[in-house]
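Fit chain B to the supplied structure of chain A, relying on the hints for placement.
Chains as they are written, first to last, in our numbering: chain A, 49 to 147; chain B, 2 to 120.
Just so you know, these hints were derived from the structure itself, not from any lab.
Predicted model, so just to flag it, every value in this text is computed and none were measured.
Errors might be hidden in some of the hints.
[To be verified] One side of the interface only, derived from the structure: several residues of chain A facing chain B at Cβ under 7 angstroms:
hint: 1; residue: Gln79
hint: 2; residue: Tyr130
hint: 3; residue: Gly131
hint: 4; residue: Val134
hint: 5; residue: Leu136
hint: 6; residue: Phe138
hint: 7; residue: Ser144
hint: 8; residue: Trp146
Glycine included, each C-beta is placed from N, C-alpha and C at the ideal position.
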Amino acid sequence: MKLVTFVSDYKMTVDTLDRLKPEKLGIILVQNGVYHATTKENGKPSSMLNYSANYYVLQEDLETRGLSAANVIDSKVKVIKYGDIVDLMFNEYDKSAWL
Amino acid sequence: MGKLTIGCFASLVGSTNLDFAVKLSAAAMEKGHKVDLWVSGNGTMISIKDQRAFKDYSSLEKPLKELMAKGLNVTACEACAESRGYHADHTLEGVKRFSMDWYLGSAFDADRLLHIGGE
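This is chain A alone, in the form it adopts within the complex:
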């Protein structure tokens, strides 16, 4: 299963991802979930970035929070737009989840 997961919150205890074992995992950070891509706590990046997954963050939700691609702290997180989300859902993944 190729699963794309939307993370829409900045809660740190998202253990659902620990229980998911797809053959391919994509994580799209949206809404307050974008803070996982921009914020360090106690000098460490979010543990959300520790999964073996392809990472994306929604540009519009960065911008509405006064952030930009320059604030993304890990280069493996790709900045994308809504149109890219559609392409990912239809071309790269077959199932989706919302956390």
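This is chain B only, laid out in the frame that chain A set:
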């Protein structure tokens, strides 16, 4: 091209899940996909007509009307709407009202499904 079904069970007033669902619908339609949008729970607030648009406040009536004119298929959960006092005569023109089986039917023959849960 394919069909995308989005189920949005937006919870709190001010939740931006509905905004996300509408913008994703627009992006998918722009790429030629067919989109069904199902709203349930507090998400049914999107089905009410004559909402006033305030600055810095999410207002989806206008974009929703534009998308429906281009073929977006929007259905609200009738029970969720009625339980919130959103009656048929309050409903935005073009938004249909059915029970949950409409959503299941739409999801059944969709190429992709995104179920956006409530907070």
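Hint by hint, which ones does the structure fall short of? 5
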